[in-house]
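Since the structure of chain A is provided, determine the placement of chain B on it from the hints.
These protein sequences, in sequence, are chains A and B. Each residue of the first sequence is one higher than the one before, counting from 1 in my numbering. Each residue of the second sequence is one higher than the one before, counting from 1 in my numbering.
Hints in this document: simulated from the structure, not taken from any laboratory. Incorrect hints may have been included.
Said to hold, decoys possible - Result set (DSS-like, lysine-lysine): computed pairs, CA atoms no more than 27 Å apart in a straight line:
1. B:Lys27 - B:Lys14
2. B:Lys149 - A:Lys164
3. A:Lys164 - B:Lys27
4. B:Lys14 - A:Lys164
Unchecked claim - A few chain A residues that don't get close to chain B, going by computed Cβ distances all over 10 Å:
5. Tyr3
6. Leu5
7. Trp8
8. Ala37
9. Gly76
10. Leu98
Claimed, not checked - Which bits of chain B does chain A cover? Going by a derived footprint, with three or more residues having C-beta under 8 Å, they are:
11. 19–27
12. 49–55
13. 69–82
14. 174–182
Backbone N, C-alpha and C fix where the C-beta goes; we use that ideal spot for every residue, glycine too.
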Amino acid sequence: MIYLLLFWTFVKVGLFTIGGGYAMIPLIQQEVIERHAWMTADQFTEFVGIAESTPGPFAINIATFTGVHVAQDAGGSGLLGSLCTTGGVVLPSVVIILLIAGLFHYAMRHWAARAALQGTKPVVVGLIGAAGYTLLRHTLLEGGFKPLSTALAAGLLALSFLTKLGAVWLILLGAALGVLCFGVLGLQP
Amino acid sequence: MAEARPPSSVQRSKAQALLALVLTFGKFGGITFGGGYAIIALLEEELVRRRGWLSEEELLNIITVGESTPGAIAVNTATFVGYRLAGVPGGILATAALVFPAWLVIVLLSGCYLVLRENVWVASALAGIRVAAVVLIVRAFFRMAKGIKRTRLNGFCLALAFALVAFAGMNAVWAVVGSLLFGVAWYGLRPRFADAKRSGQPPADS
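The shape of chain A in the complex, shown without the other chains (with noise of 0.2 Å):
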């Protein structure tokens, strides 16, 4: 039953991301490129970029896409299968933020919920440490090193450092060296 997959893998995203936004990254790419294989590498990683570009949540723009994409390869409704993993996805936020705000200044003032907290922080970092190395590799050296695409990252990264340049930009900006070197030129990747 392809939309309780669904749902439950993204129950399990849901609740295991702790710190929001990328450090979903490093669960989804493990839940639905590796274990499941509902996607490739490359179509993950470009809806990174599109997710960053559209609006909304990044953690419901990623949960809706894959539910519509899985489900029609499934043969089944995309529209179902979104509904699954973006439920999913926000299900157990819901639940836990309805149950806890009620004791708010009790539970997170709790030593043991701070302890806990502290010990995450450089773990998820880590991951999403782990999460871009994985994707980098896949994106630069997958069927050959690519040295143009490498150059193109190198030269992303620095400008993103250099000048805080905001998300959305930065994805228009490769899209728009994109269209250029692989399209007008002609170059190699």
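Leaving out everything else, chain B in the frame of chain A:
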């Protein structure tokens, strides 16, 4: 129900609060890009300054909860604000309103995406987008790494999680669960035991 107010006005004010929540969070869901922290500036502007629904301190508390509970920060914040202002229905409606525009855009877009992907111009743009997206992830890693307290232990935990997941293929969920348990043991239980004992030398913490 308060007897002082006629029930119709109570109902209307509750309905008004729900409507305002739906409109506000629907707007946030439609105009913020990248979610998370982008939404916090908007919340501050709209809920604290314009509407006066929350104080600065309440908003800070809510953001803390949003950051430290599982899930997307924007979603957590919407649920919490909705709950504060209109109870459980408020929490659920605010969340649904936040999610709806993002969901709709992607449902519409993903239909075209798989077809357009085959187009040579779109394909070359996507090749560029892939590079930029990876750069964004790497940048997020460096930015977040800067926000962590510089201790040897934190550096070790970061490197260990990185190596186990990137090289040994460990499931990221276990890394998160492990770090929660380690946090409770090391930052929670250990100082408490040390306090209780009082004897013995203080542990060599860097």
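| said: Flag every earlier hint the structure violates by its number, smallest first. | reply: 4, 10, 11, 12
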